[in-house]
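Chains as they are written, first to last, in this note's numbering: chain A, 1 to 113; chain B, 1 to 112.
Mixed in with the good hints, there may be bad ones.
Claimed, not checked - Derived lysine-lysine pairs resembling DSS-like cross-links, with alpha carbons at most 27 Å apart:
no. : chain 1 : residue 1 : chain 2 : residue 2
1   : A       : Lys49     : B       : Lys71
2   : B       : Lys71     : A       : Lys100
3   : B       : Lys69     : A       : Lys100
Said to hold, decoys possible - Just the calculated beta-carbon pair ranges, DEER-fashion:
no. : chain 1 : residue 1 : chain 2 : residue 2 : range
4   : B       : Thr86     : A       : Thr30     : 33 to 41 Å
5   : B       : Pro61     : A       : Ile9      : 23 to 31 Å
6   : A       : Ser72     : B       : Lys17     : 43 to 51 Å
7   : B       : Lys65     : A       : Ser70     : 16 to 24 Å
8   : B       : Glu53     : A       : Glu15     : 47 to 55 Å
9   : B       : Pro61     : A       : Arg69     : 28 to 36 Å
10  : A       : Glu15     : B       : Lys71     : 38 to 46 Å
11  : A       : Thr110    : B       : Ala95     : 14 to 22 Å
12  : B       : Thr15     : A       : Thr55     : 45 to 53 Å
13  : B       : Ala95     : A       : Ser26     : 43 to 51 Å
14  : A       : Ser3      : B       : Met27     : 23 to 31 Å
To be verified - So the derived list for chain B, only partly shown, Cβ under 7 Å to chain A, looks like this:
no. : residue
15  : Val14
16  : Tyr64
17  : Asp97
18  : Asn105
19  : Gly106
Everything labelled a hint here was simulated from the structure, so no lab data went into it. Bear in mind that the values here come from a model prediction, so they are computed numbers and not experimental data. All residues carry an ideal CB built from backbone N, CA and C; glycine is no exception.
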Amino acid sequence: AQSVTQPDIHITVSEGASLELRCNYSYGATPYLFWYVQSPGQGLQLLLKYFSGDTLVQGIKGFEAEFKRSQSSFNLRKPSVHWSDAAEYFCAVGAYNAGKSTFGDGTTLTVKP
Amino acid sequence: EAQVTQNPRYLITVTGKKLTVTCSQNMNHEYMSWYRQDPGLGLRQIYYSMNVEVTDKGDVPEGYKVSRKEKRNFPLILESPSPNQTSLYFCASAAVDNSPLHFGNGTRLTVT
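Next comes chain A alone, as it looks inside the complex:
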């Protein structure tokens, strides 16, 4: 069965500092990996996705993520965090023609001024 683990429930960083949110997945086939962001009272918005090819993918809002097959990880990074990045972040895994998608439990990001 597929699964996603986000080890950090809550992370606090200072504005301007770098950020890394961890995501580990378990999936038997080649996974499709996603990061979504949820602002309070909103639905989820796609930040970036990995299907194949270059293992470093760029997303919106200055985010990037690196797929490491050997570590079953897909960590999200941003070099300099802005106060508006405070939100909840979800990693998700799916597969072609599988129908099911699995989300991690989420990481809440707080940004200190």
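Knowing the structure of chain A, use the given hints to seat chain B on it.
Relative to the frame of chain A, chain B by itself:
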């Protein structure tokens, strides 16, 4: 504007009173799915649909029904709601099942 529309945004009901949460998308997406979000549990998939008249169970389907008679609509039906179905529900659609999901703004359901 491309969007997924859920209604209502907020719903308070009593145990056992049937309810339907509607979901509509205007992007001609084949794939649609329902999730519930509970604190500390992330999003859990209830049901999904790969195309019209094709639906399947997700991870937590008990107590829910869905139908997909038209491509744009994917209503979630609770025949006999119970308090443990109090949650925040999201509908989402995608071009195909492994494409990025587009989410609605959510429906907060309270069952007393």
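Status of the B:Asn105 interface restraint (C-beta, 7 Å, chain A):
For B:Asn105, the interface hint holds, since the closest Cβ of chain A sits about 5 Å away, which is under 7 Å.
For the hint on B:Asp97, does the least C-beta distance to chain A fall short of 7 Å?
Given a least distance of 5 Å, the restraint on B:Asp97 holds.
Could one say that the CB atoms of B:Ala95 and A:Ser26 fall in the range 43 to 51 Å?
violated, 26 Å
Given the hint of 23 to 31 Å, is the C-beta distance from B:Pro61 to A:Ile9 inside that range or not?
Holds, at about 27 Å.
Using Cβ atoms only, decide whether B:Val14 comes closer than 7 Å to chain A, and label the hint accordingly.
violated, 25 Å
CA of B:Lys69 to CA of A:Lys100, is that 27 Å or under?
With Cα atoms ~20 Å apart, B:Lys69 and A:Lys100 stay inside 27 Å; holds.
Can the restraint linking A:Lys49 and B:Lys71 be considered satisfied, given a maximum Cα separation of 27 Å?
Holds, because 25 Å separates the two Cα atoms, which is no more than 27 Å.
A range of 33 to 41 Å was offered for this pair. Does it hold for the Cβ distance of B:Thr86 and A:Thr30?
Holds, at about 37 Å.
Falls inside 45 to 53 Å, the C-beta gap from B:Thr15 to A:Thr55?
holds, 49 Å
Do the beta carbons of A:Thr110 and B:Ala95 sit within 14 to 22 Å of each other?
Taking Cβ atoms as reference, A:Thr110 and B:Ala95 lie about 34 Å apart, which means the hint is violated.
That 47 to 55 Å hint for B:Glu53 and A:Glu15 (C-beta), does it hold up?
holds, 50 Å
16 to 24 Å was suggested as the range; check whether the CB atoms of B:Lys65 and A:Ser70 agree with it.
Given range 16 to 24 Å: violated, Cβ gap about 42 Å.
Violated hints for the displayed structure, listed by number in ascending order: 7, 11, 13, 15 and 16.
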